[in-house]
Amino acid sequence: MKLKELLGKADVLFNTDDLSRKKQKKCIKKLLRRLSKHEKSLHQKLQAEENTEIIEKIEKKLALTHAHREKGLKIIQEMNEEKQKIRKKQINE
Amino acid sequence: MIHKLLLASIFSILAYGFWISPDFKEIATGVAIFLFGMMSLEKGFKAFTGGLLEKILSKTTNRLWKSLSFGVISTSLMQSSSLVSIITISFLSAGLISLAAGIGIIFGANLGTTTGAWLVAAFGLKVNIAAYAMPMVVFGVILLFQKSKELKGIGYILTGLGFLFLGIHYMKEGFDAFKDNIDLTAYAVSGYSGILLFTLVGMIATVVMQSSHATLVLIITALAAQQITYENALALAIGANLGTTITAIIGAVGANVDGRRLAAAHLIFNAITASVAIAFIFQITKAVDSISDWLSIAQDNYTMKLAVFHSVFNSIGIILMLPFIGHLERFLKRLLHPRKRTAAQPKFLHRAAIELSDTAIRAVRMETLHLYENAFNIITGGLRLRPEDVRSDLSLDQVVKSSRRTTPINIDRQYNERIKSLYSAIIEFISEARTEMTNQQADELFSYRAAGRDIVEAIKDTKHLQKNLEHYAVSSNSVIRKEYNQLRIELAEVLRELELVRTPDAETSTILSLDELKLKMKENDVALNQRLESFIRDKRINSEQATSLMNDSNYVYSVTKNLVKMAEVLFSEEPDDIKEAEQMLSLEDHELNDLLQQTSTPREPDGNQGDKL
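Those protein sequence lines, which keep their order, are chains A and B.
Quick note: the first sequence uses my numbering, first residue 1, plus one each step.
Quick note: the second sequence uses my numbering, first residue 1, plus one each step.
Any given hint might turn out to be false.
To be verified - List time: in silico DSSO-like cross-link candidates among lysine-lysine, alpha-carbon distance up to 30 angstroms: (1) A:Lys83 to B:Lys520; (2) B:Lys401 to B:Lys467; (3) B:Lys401 to A:Lys37; (4) A:Lys25 to B:Lys149; (5) B:Lys520 to A:Lys29; (6) A:Lys29 to B:Lys565; (7) B:Lys579 to A:Lys26; (8) B:Lys149 to A:Lys22; (9) B:Lys565 to A:Lys23; (10) A:Lys71 to B:Lys565; (11) B:Lys147 to A:Lys22; (12) A:Lys71 to B:Lys149; (13) A:Lys30 to B:Lys565; (14) A:Lys61 to B:Lys522; (15) B:Lys561 to A:Lys57; (16) B:Lys579 to A:Lys83.
Said to hold, decoys possible - To give a feel for the contact side, a few chain B residues facing chain A, derived at Cβ under 8 angstroms: (17) Asp515; (18) Leu517; (19) Asp577; (20) Leu585; (21) Leu587; (22) Leu595.
Stated by the list, open to error - Sample of chain A residues at the chain B side, in silico, Cβ under 8 angstroms: (23) Lys23; (24) Cys27; (25) Lys30; (26) Asn51; (27) Ile58; (28) Ala63; (29) Leu64; (30) Ala67; (31) Lys71.
To be clear, the hints were calculated from the coordinates, so they are not data collected in a lab.
Positions of the beta carbon are idealized from the N, C-alpha and C atoms, including for glycine.
Okay, chain A solo, but in the shape it has when bound (with noise of 0.2 angstroms):
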């Protein structure tokens, strides 16, 4: 193995941004499959309830546990996008 080639291995090894970014994605990872058990909750809890008023209230607590879903998945893609693009940039240097 060539001498630049390890060295760039022992980068991506010690390379702190890319442990912090990693800790990141798995402390996201948590908190998404613990949304998406809320709201699997939040829609049982509205198929049970007749009271329009807190009906409303659920759809509206649905709504915001969902786009909270949709912006972490949205940052899990664009990690995985970024990683995938140091990777290439790697590989061609």
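Given chain A, put chain B in place with the hints provided.
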């Protein structure tokens, strides 16, 4: 003045000693280097007292045997019962552990500290430890220049151990040279008078050096050089145990009542153990001889026998006191009472909490929550509502309707009485605590200071709002009266919602739940603007009333905004990385606006068309 005189006397005695005896100078240098090593070691271990120690402590406090083991193991590893005492008092002051658990840890620490005597007697005197000390100091100092907190901590530990070893080496050399010139055993006193005298000497030496470990090493090296008799060495060890409680008592001066109770427990334990050891010293010595035989320790190996004695008499203390821990706890609770404090006095900011960065941060968070509690009462009072009603499940319409009987509060006076001094105390504590902190820890403290400022701003806005709330509460115009009541309901809803967010279930997250409040705030604002237009168009309120309503609605908006900002920092108990992820998922202003357009249904204040409140 007394302190200065004492210092001058110690300096004079030491200087005279150095002048007449170079060997004494070597011994004293050894003690000084040893103490410096202890300080360095403590500093190094403090670098690791963050999350890990907190996690271990939280798992070792539910059972007595666990706290006892924690005390034994942590003191054996860190070789400093003083550090363990300070950490325990600090955690107790911040409300992280119970008094019973604290007592268990302190009892365990007393046994753990005896491992020091074993290490010094078994290895310190037989191996050329100075040879190990030098590379340790060199590697340690190099690590001290590193940026990483952990590496710096390791650096302090290595340097500390290096200096400990060097100190022991100098003490040993000093006593070896000393015995050629002077025979200190000529001053030995036998019998009970000797035991009492040397117990006192051991106690004074420990109080002066602030370390029983240092006294013990001094005793062991002196004993190895045959400069003191075995019997007197035992008495000195008992005295060292008694003297060590002084460190805990000093540590407890700035602590809360639990910290003081713990220091008292430490004093009682050591005093009882010392009394038993003195009363039965000859019987214990016989037991030590038998144990030493069983451990194949030579009969004339007095240094090892001293280590056995140290462990035996501390174990006796634990065995004697363990069944009475509950009684001791009750007795201390009866003896030492918490100081009566007003709502404006800090509950969690104690000097003992500053000792450890993480405890200091936790104390600031708890105190800022206390500040919020006070602010909650003032804001609800400013709305002419009772705090317990806002916290209840009652309909807020009903609560507002029935609130006309409640007397309004003077927010200015309440602010001066319950907020100003408490907020100042928090700021002062933060500026003192942050000096020893990493950037990340200091940032966390600053975020709590900002949360405190948000709370204060919310109170000031409520004060501005209160004037018109009072004025229009008795207006003959039912429309404006109801609109102002609607503002009260909206703000009360925010306060109620915040109380719910404070205790989130496992499914929801604190920071993301606050987006719901932000959305509601926008929704209310849009709805009020729509209503205002129609009120002005239909001439149901005049332009002056409309301006007041718009301004005051801005105040409500501002109070809510400040409280939400505060809650984002203060209410979440998640780890930092999860908090960071929650903040990433939290919706921006434009995203909230988009969501509002999808979900909003403008609402009228209940019964606005005719009902009178």
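field: Hint numbers contradicted by this structure
entry: Failing hints, ascending: 1, 3, 12, 18, 26 and 27.
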